[in-house]
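Please model the entire structure based on the sequences and the hints provided.
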Amino acid sequence: PGYLAAQSALKAKGIDEVLVYCVNDGAVMGAWSKDQGVDGSMITFLADTRCEFTKAMNLVLDHPGPMSVLGTPRCKRFALYAVDGVIKVLNVSEGPDDPAGDTDPSASCVEAMLKLI
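Read in order, the letters of the sequence shown correspond to residues 1 to 117 in the working numbering.
If you're looking for bench data, these hints aren't it; they were derived computationally from the structure.
Please note: incorrect hints may appear among the correct ones.
[Unchecked claim] Simulated pairs of lysine-lysine, DSS-like, Cα-Cα distance not exceeding 30 Å: (1) 88 with 76; (2) 55 with 76; (3) 55 with 88; (4) 76 with 115; (5) 34 with 11; (6) 115 with 11; (7) 76 with 34; (8) 76 with 11; (9) 115 with 88; (10) 13 with 115.
[Said to hold, decoys possible] Derived Cβ-Cβ restraints for the label pairs, each shown as a range: (11) 84 with 34: 27 to 35 Å; (12) 70 with 40: 24 to 32 Å; (13) 104 with 5: 18 to 26 Å; (14) 68 with 41: 28 to 36 Å; (15) 55 with 12: 32 to 40 Å; (16) 68 with 9: 34 to 42 Å.
All residues carry an ideal CB built from backbone N, CA and C; glycine is no exception.
In structure tokens form, the structure reads like this:
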């Protein structure tokens, strides 16, 4: 919701598109996109069905705590800013007692990214 609400600020910084992806299937991501009301916005939801991009980025969430609930490896909570395919900023929301970034997701929230872009 934060990225959707901050579209004007993102566009003012030269951002053309925000990609949101999860280790999940396309049907789930499509339903989530619809639920979040991002159709027609600058936000696109994508699925990393086999965790390939997540593994390539070394962002697999496989900590025993979240795994006991989720069952399979997922992706860490992160925000990435890239220009022409070159990563300029990579913020991961995680901590020693918070491997999924649930307690403090601020590093991957739009406010933190806007400060760094």
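Now the hints, each set against the structure:
1. 88 with 76: Given pair residue 88, residue 76 holds - Cα atoms ~18 Å apart, limit 30 Å.
2. 55 with 76: holds, 11 Å
3. 55 with 88: Given that 30 Å is the threshold and the Cα spacing comes to 19 Å, the pair holds.
4. 76 with 115: Distance of about 21 Å is within 30 Å: holds.
5. 34 with 11: holds, 22 Å
6. 115 with 11: holds, 14 Å
7. 76 with 34: OK: residue 76 and residue 34 at ~23 Å, within 30 Å.
8. 76 with 11: holds, 26 Å
9. 115 with 88: Between residue 115 and residue 88 the Cα gap is close to 13 Å, so the pair holds against 30 Å.
10. 13 with 115: Judged against 30 Å, a Cα distance of about 10 Å means the pair holds.
11. 84 with 34: 27 to 35 Å: At 31 Å between Cβs, range holds.
12. 70 with 40: 24 to 32 Å: holds, 31 Å
13. 104 with 5: 18 to 26 Å: 20 Å Cβ-Cβ, so the 18 to 26 Å window holds.
14. 68 with 41: 28 to 36 Å: Holds, since residue 68 and residue 41 (Cβ atoms, about 35 Å apart) stay within the stated range.
15. 55 with 12: 32 to 40 Å: This hint holds: roughly 34 Å between Cβ atoms.
16. 68 with 9: 34 to 42 Å: With Cβ atoms ~38 Å apart, the hint holds.
Violated hints for the displayed structure: none, as all numbered hints are satisfied.
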